[in-house]
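Take the sequences, apply the hints, and build the full model.
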Amino acid sequence: MAKTIITTDFPTPEEVAAYLGIPDKRVAELNALFDEYQKTKATKKNAKRKASSRAKKK
Amino acid sequence: MVETKPLPRPIAFINIPYARTYETVYFSLIAGAAGHGLVPTAAVHDPSSRFQLDRIYDLIAAAQYSFHDLSWMSLDRKAPRTPRLNMAFELGLAVALSRTPGVKHEWFVLDTVAYRLDKALSDLGGIRPRIHDRSPESVLRAVMNALGRQRHQPTLGNLLEVYTAVADMARQIKSAYSTDLFETRPFKDLVFIAHQAARASIPSLAAEDAE
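Chains as they are written, first to last, in the numbering used here: chain A, 74 to 131; chain B, 13 to 223.
Note that these hints are calculated values from the structure, not bench results.
Hints are supplied without guarantee of correctness; some may be wrong.
Here are the simulated lysine-lysine pairs, DSS-like style, with alpha carbons at most 25 Å apart [as the list claims (entries may be wrong)]:
#1 B:K186 / A:K98
#2 B:K186 / A:K114
#3 A:K123 / A:K112
#4 B:K131 / A:K114
#5 A:K112 / B:K200
#6 A:K131 / A:K117
#7 B:K200 / A:K98
Here it is in structure tokens:
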């Protein structure tokens with residue numbers, strides 16, 4: 074089965090929000106939630122890296 | 013008539029059973045579509061809508077792609093015990109639309125058992141469904157086997173990151189305002205987060221955004 078190749082650009086967050094009819098206030102809340110998620114993810118990744126580095130030194 | 017604003021980006025209609033056991037498939041298809049630059053839509057529960065068939069038809073007609081999971085083959089538990097026919101019906105609408113002159117619509121079928129649809133839906137004879145086991149990896153692989161991108165091609169790892177972000181958002185929605193994710197507001201929130209996660213997870217796209 075041949076793949077379908079998509080040539081269009083990714084939609085911008087503004088385009089997605091406008092198309093779905095998400096109010097600006099909710100967009101701001103979702104952006105904040107996502108930023109928080111990214112920070113938590115980065116913290117966990119760093120902690121894991123440090124733990125792995127400590128384990129290697131032993 | 014569903015009110016939608018015109019979108020210059022392709023739209024992907026997602027057609028799956030709305031059941032808790034299909035939540036991972038739901039998240040995976042949202043992640044897979046968003047990860048390929050498509051905007052997912054679905055006929056989620058909308059209490060404000062009166063004419064379900066009109067709404068579903070308009071959603072499918074507005075989409076350039078559709079994904080149909082036909083793996084729910086059992087009868088429900090409440091009497092009278094009945095099968096769910098909506099998924100096959102919506103696939104039928106998509107197939108008919110795709111054959112309308114001037115319409116660009118591609119449809120993809122998914123199942124969890126190989127060759128089963130040859131028996132259950134022999135009208136599709138010759139069309140091979142994409143097989144998955146409801147795990148995020150297998151559903152995302154199925155989407156990757158169907159779609160590719162000219163630029164910003166996501167890897168499975170990228171799509172799994174998008175999936176994880178969507179699943180995390182789903183947990184937050186459940187604890188904040190709705191245990192039913194197959195409703196309008198949760199769906200919109202999940203799709204928005206999926207797009208944000210796609211932009212952050214696909215390295216070439218993230219690099220472009222950083223410029």
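For this session: Check each numbered hint from earlier against the structure, then list the numbers of those it violates in ascending order.
Result: The structure breaks only hint 4.
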